[in-house]
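Asker: Once you have looked at the hints, place chain B on chain A.
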Amino acid sequence: MITAILTMAVVWCLFYGRISLAALTPLCVGLGAALSWLGRHKHTQFLTIDVLAQTSRLSRVNPSLKFWTALALMALCVSARSPVVGIFLTAAMLISTVYIGGLELHDYVHLLALPVSFLMISGLALLFEVTAQPTGIFCIHAFGFWFCVTTGAQIRTMLVMARALGAVSCLYFLSLTTPMSELIGVLRRARCPDVVIELMYLIYRYIFILLTMYHTMRDSAKSRLGYIDYRTSIRTTGNLYSNLLARSYRQANRNFDAMESRCYDTGIRFLENRERITGIQAAVAIAVTILTLCLSLLLY
Amino acid sequence: MEHVCFRYEEKFPALRDVSATFYEGERIAILGNNGAGKSTFFLCCNGVLHPQSGKIFLKGQEVTDSKKDITLLRQAVGLVFQEPDSQIIAGTVENEVSFGPMNLRLDRDEVVRRIARSLERMNLDGYQKRAPQYLSGGEKKRVSIADILAMQPDMILLDEPTASLDPENVTLLEQTLDDLSLAGITLAVSTHDVDFAFRFATRAIVFSRGEVIADSDIGEVFASEAVLLKAGLKKPLLYAAAELLETRSPGKTTGQKPRRIEEFRDYIEHLY
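Protein chains in written order, with numbering that gives the first Met the number 0: chain A, 0 to 299; chain B, 0 to 271.
No lab work stands behind these hints, which were simulated from the structure alone. Keep in mind the model is a prediction, meaning the values are calculated, not measured. In this text, a Cβ means the ideal position worked out from N, Cα and C, and glycines have one as well. Since no wrong hints were added, every one of them can be taken at face value.
Examples of chain A residues toward chain B, derived with CB under 8 angstroms: (1) 257; (2) 258; (3) 259; (4) 264; (5) 270.
Covered by chain A, according to a simulated footprint, are these stretches of chain B (three or more residues, beta-carbon under 8 angstroms): (6) 38-52; (7) 74-85; (8) 102-109; (9) 126-139; (10) 146-153.
Extracted from the complex, chain A is given alone in its bound form (with noise of 0.2 angstroms):
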């Protein structure tokens, strides 16, 4: 929801001056109103990225060739001088995910919910500037100045925002179709250094275990009236994260141990499924990846 609000009042503030009021207004409201439908909560298990990688019909595509288109669109996309190319670039990968892969728009969207908001929040402090006298093609008087959006701000605004979605967008491409055991593979042959591989490996594993315990301690707070009024909800809720950092310090030692116990030296070794390149695989990543580069320079 929150996530819908923001981005109506971007796209608003976006537009506005551009396109004519009568279509702005329906436009934001409806952009509104799907995002809020697809990203809408399910009581369904929630499942992590990486299981979503490992169902996702992409995910027998060779991991060293996304991941090295992945980050070339992403090269392309931040160095762009057009919004188109990072537009592009979303509707690309939104089709790679969710169409060809096999993830749910919702799930889809319901993941990309948290940096959008970011990318919002952001939007809006990129669009309005601060002036003394209202310069703007709107503006807003608060606390003695003017919150103006020009249209400089508005172009600006669009082109960064637009480098940032489609840059996430092919993060999210590479996470949800390439699960995390050959991604690893993939780094330690570009010889990414193995403190790097681990500590990011491990760290994604622990969001998830920390979640658990996190909701599990909340659970038993609740039942026993814990978030009863303001201050009891304030007092259990450092109870609980202090709590939290102490059991997760105890965790990170058992899993440690864990590791140790089975011959774990250094370097975090699974096995990885390693498919060839097929001749279609490969045309397609080139042509995309030739594709977003002349529109690049044809909009430069």
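Answerer: This is chain B only, laid out in the frame that chain A set:
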């Protein structure tokens, strides 16, 4: 293990002058109350914890602190942790079971072969691509055992394997342990479930406050009131019932107490 002592940073001695020898094919129950040192003992046996004093031998050779010796020890003595979630780190069952063999730097074909064999032995065929964190408690336990089996150890230590398992899964676990024992793997199980220990083991090592207070045939351990009192243990139900019946029928003792309900039936028929 000879005269092993270990203490944690809090300066409390977790193990005091512990000595024990394990032989091929044995079935051992490690008993004792909470904080007696059972888990610390297992961690020392597996080489995760290094004792401050004492020696550990593997097949007659002393295990030093060298990387080679520690690796050999950890490969030969597998440890299944009490909570599978402490052990499971991979995103799929296949990757989880591959972790140990990959650490041994085996070639790919050998790793694949070991994974397939371990999963088959633990009735986990078809689970390769499943996410371990979404499996049931019993399934997770089987994954954690398959994990260790893939390293082909000579001995497996199981820390509280029946904890939080339902009766059906306990039965499945017992069948699995029977199969592993028949395959010649030495098994040591730490447990508070004395009935399970009595069914499973032929030998018991009893810990109390970091010391070994008994190491003998499991029947002899449960016959010693002093040991049970010091370790805070109770007698297994069938054992206690058999003892009670024997007091009512003096002169008709069989020596061996029944361990299973089927044996108990025969036992009663013999007494009466």
